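A.B. asks: Sequence:
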Amino acid sequence: MLVSLLAAFLGANLARSAYLPPRPSRIPSMAHQRAAMHPASRVSGLGDVPIVFDAQQWDIDVPTDQLGLTDFIFTYTTLGSDGFKSNGTKRISKTYEIWVKYCVPRFTASNSTVLQVLTHGGILDHRDFAQGYSYVDSVSSQGMATLNYDRLGIGQSEHPGPLLEVQGDAAIAVLHRLVGLVRAGSFGTRYTKVVGIGHSLGSKVTESIVSHHPGDFEATALTSYA
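Mature numbering (1 follows the signal peptide of the UniProt record, and there is no 0) puts the sequence shown at residues -17 to -1, 1 to 209.
The hints are simulated quantities; they were obtained by calculation from the structure and are not laboratory data. Keep in mind that the hints are not guaranteed to be accurate.
As the list claims (entries may be wrong) - Keeping only pairs whose Cα atoms sit at most 27 Å apart, straight-line, the calculated DSS-like set for lysine-lysine is:
| # | residue 1 | residue 2 |
| --- | --- | --- |
| 1 | 176 | 187 |
| 2 | 73 | 176 |
| 3 | 77 | 187 |
| 4 | 187 | 68 |
As the list claims (entries may be wrong) - Here are the in silico distance ranges between beta carbons for each label pair:
| # | residue 1 | residue 2 | range |
| --- | --- | --- | --- |
| 5 | 190 | 57 | 25 to 33 Å |
| 6 | 116 | 66 | 32 to 40 Å |
| 7 | 201 | 40 | 32 to 40 Å |
| 8 | 52 | 72 | 22 to 30 Å |
| 9 | 143 | 52 | 46 to 54 Å |
| 10 | 168 | 49 | 41 to 49 Å |
A quick note: this is a predicted structure, and the numbers were derived from the prediction, not measured. All residues carry an ideal CB built from backbone N, CA and C; glycine is no exception.
Using the sequences plus the hints, can you model the full thing?
C.D. replies: Here you go:
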């Protein structure tokens, strides 16, 4: 049942597990992962997520090698630097492939109508929440479902143009759209409460949702963020 419900959203395409590939491979079938002792049923794959956002048109050259990248970082992080210069904004309306993992506890609990949406930090992918001690496993054992995903341009999600499209406003738009899909029952259950969990850069994205779309979350938890 879980597979058939999520397959409608994911288009029955599963992303191959790989770390930060340039573009994910797709397998024409869903994989329903079941571990004997795992506290949750899990499905994962690529889904089409349409968003609209205003992109900054940065007036900078994208580094092409390690030396250029090092110079870029020093130039734009040096005290007194003019920072990034933008030639205005451009409205982008586009559908992106976003990789998600949906975990539902095997047992019913009083908080089974709560879903947590997890947004990872800047230098890792969705596995930010499953390194050694797994946050996903922990909340699953407490009866709460999770929706974990790779941000746009990271991991197994689509890798569009990094300068114009992989921007903060795009990350906010993707998260807002995912929450909308959750509240619409696209994952098979209409959750009464949605909680935003962020780590590092993911905390900033989650906080921005609270500012721009205050009705998205009933609660948030922002970690490694000041």
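A.B. asks: Need the list of violated hint numbers for this structure, in ascending order.
C.D. replies: 2 and 9
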